[in-house]
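Trainee: Read off the chains here:
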Amino acid sequence: QQPVQSPQAVILREGEDAVINCSSSKALYSVHWYRQKHGEAPVFLMILLKGGEQKGHEKISASFNEKKQQSSLYLTASQLSYSGTYFCGTVLRGSQGNLIFGKGTKLSVKP
Amino acid sequence: DTGVSQNPRHKITKRGQNVTFRCDPISEHNRLYWYRQTLGQGPEFLTYFQNEAQLEKSRLLSDRFSAERPKGSFSTLEIQRTEQGDSAMYLCASSFPGQTFGYTFGSGTRLTVV
Numbered sequence: 001q002q003p004v005q006s007p008q009a010v011i012l013r014e015g016e017d018a019v020i021n022c023s024s025s026k027a028l029y030s031v032h033w034y035r036q037k038h039g040e041a042p043v044f045l046m047i048l049l050k051g052g053e054q055k056g057h058e059k060i061s062a063s064f065n066e067k068k069q070q071s072s073l074y075l076t077a078s079q080l081s082y083s084g085t086y087f088c089g090t091v092l093r094g095s096q097g098n099l100i101f102g103k104g105t106k107l108s109v110k111p
Numbered sequence: 001d002t003g004v005s006q007n008p009r010h011k012i013t014k015r016g017q018n019v020t021f022r023c024d025p026i027s028e029h030n031r032l033y034w035y036r037q038t039l040g041q042g043p044e045f046l047t048y049f050q051n052e053a054q055l056e057k058s059r060l061l062s063d064r065f066s067a068e069r070p071k072g073s074f075s076t077l078e079i080q081r082t083e084q085g086d087s088a089m090y091l092c093a094s095s096f097p098g099q100t101f102g103y104t105f106g107s108g109t110r111l112t113v114v
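Chains as they are written, first to last, in our numbering: chain A, 1 to 111; chain B, 1 to 114.
Possibly wrong hints are sitting among the right ones.
[Claimed, not checked] Calculated cross-link-like contacts (lysine to aspartate or glutamate; reagent style EDC-like; alpha-carbon spacing at most 20 Å): (1) B:Lys14 x B:Asp86; (2) A:Lys103 x B:Asp24; (3) A:Lys37 x B:Glu44; (4) A:Lys26 x B:Glu44.
[Unchecked claim] Computed Cβ-Cβ distance ranges for the label pairs, DEER-style: (5) A:Lys110 x B:Gly16: 39 to 47 Å; (6) B:Gln17 x A:Ser25: 19 to 27 Å; (7) B:Glu56 x A:Ala27: 12 to 20 Å; (8) B:Thr38 x A:Lys59: 25 to 33 Å; (9) A:Gly94 x B:Thr38: 25 to 33 Å; (10) A:Ile11 x B:Asn51: 18 to 26 Å; (11) B:Ser73 x A:Leu49: 42 to 50 Å; (12) A:Ser108 x B:Thr76: 20 to 28 Å.
[As the list claims (entries may be wrong)] Computed, partial: chain A to chain B, Cβ under 8 Å: (13) Pro7; (14) Tyr74; (15) Tyr82; (16) Gly84; (17) Val91; (18) Ser108; (19) Pro111.
Keep in mind the hints are simulated off the structure, nothing from the lab.
Computed from a prediction, not measured in an experiment: that's the story for all the values here.
The C-beta atom is built at its ideal place from N, Cα and C for all residues, glycine as well.
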């Protein structure tokens, strides 16, 4: 039931773009995205509820393809502050609503 | 509001001892969640409450783990007869009710079992 994230890690130069993918083998009700910096708690970025929904947060946006049970997180013109581990979390359709997290994608932005 | 508060921040215990952690959620949030995170992994769901009712508990959670949320405010997570495999960061989060809100996480309690 755990969603699968790819890639596992990515290294960027400041200003470059990145895409992080999250896929599930089961039907999804929603997808959450969080960022966690080393030694800190995960911080909520956004939630996607409807198929095809796209949301934005500063230069970070995400899409949700309900039919494919996939979500993608887009980071454009990356900044040093974007470094951290990004987790997607999924709520399955018909579940009690608990959020199941993927293993994470470690993003490193270099100057 | 100061966010989600967890105590203690760190706990070192000997194998076989019992430990208890506390979580104080954001006061307006009536949902409270417990997760466990090990190095290099995503948070692993343990259990969650809506008010004082425990709505779901992970099947992976052994009987040595128990959580309470008396009066629907703070919550405690107890681990009995700790094992070395219990060493992890224990995260608490809270949210508004329903499935349309993100979670606010606390800073966690790091448990080391020696």
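Trainee: Now tell me, hint by hint, if it's right for this structure.
Mentor: Hints, verified against the model:
At most 20 Å may separate the alpha-carbon atoms for a hinted pair to count; Lys14 of chain B and Asp86 of chain B meet this at roughly 11 Å. Restraint check for Lys103 of chain A and Asp24 of chain B: the C-alpha separation of about 26 Å exceeds 20 Å, so the hint is violated. The hinted pair formed by Lys37 of chain A and Glu44 of chain B meets the criterion: a straight-line CA distance of about 17 Å does not exceed 20 Å. Of the supplied pair hints, the one linking Lys26 of chain A and Glu44 of chain B holds, its CA atoms being roughly 18 Å apart against a limit of 20 Å.
Distance hint check for Lys110 of chain A and Gly16 of chain B: the Cβ-Cβ separation is about 46 Å, which falls inside the suggested range of 39 to 47 Å. Taking 19 to 27 Å as the suggested C-beta distance range, the pair Gln17 of chain B and Ser25 of chain A does not conform, at roughly 39 Å. In this structure the hint that Glu56 of chain B and Ala27 of chain A lie 12 to 20 Å apart at CB holds, the actual value being about 18 Å. At about 31 Å, the beta-carbon gap between Thr38 of chain B and Lys59 of chain A stays in the expected band of 25 to 33 Å.
Range check, Gly94 of chain A to Thr38 of chain B: Cβ separation about 28 Å, and the 25 to 33 Å hint holds. Distance hint for Ile11 of chain A and Asn51 of chain B: a CB-CB separation of about 45 Å, inconsistent with the stated range 18 to 26 Å. The given range of 42 to 50 Å is broken by Ser73 of chain B and Leu49 of chain A, whose C-beta atoms sit roughly 29 Å from each other. About 37 Å separates the C-beta atoms of Ser108 of chain A and Thr76 of chain B, a value inconsistent with the hinted range of 20 to 28 Å.
Given the 8 Å rule on beta carbons, the hint for Pro7 of chain A is violated: about 15 Å separates it from the nearest Cβ of chain B. Given hint, Tyr74 of chain A at the interface with chain B, is violated; its Cβ is 18 Å from that chain's nearest Cβ, farther than 8 Å. Using the Cβ-Cβ criterion of 8 Å, the hint placing Tyr82 of chain A at the interface with chain B is not satisfied: the shortest such distance is roughly 18 Å. Annotation: Gly84 of chain A was flagged as interfacial toward chain B, and the flag is violated, the nearest CB pair being 13 Å apart, outside 8 Å.
Against a cut-off of 8 Å between C-beta atoms, the interface hint on Val91 of chain A holds, since the closest Cβ of chain B lies about 6 Å away. Taken as an interface hint, Ser108 of chain A does not check out: its beta carbon lies about 15 Å from the nearest beta carbon of chain B, beyond 8 Å. Hint status for Pro111 of chain A relative to chain B: violated, with the closest Cβ pair at about 25 Å, above 8 Å.
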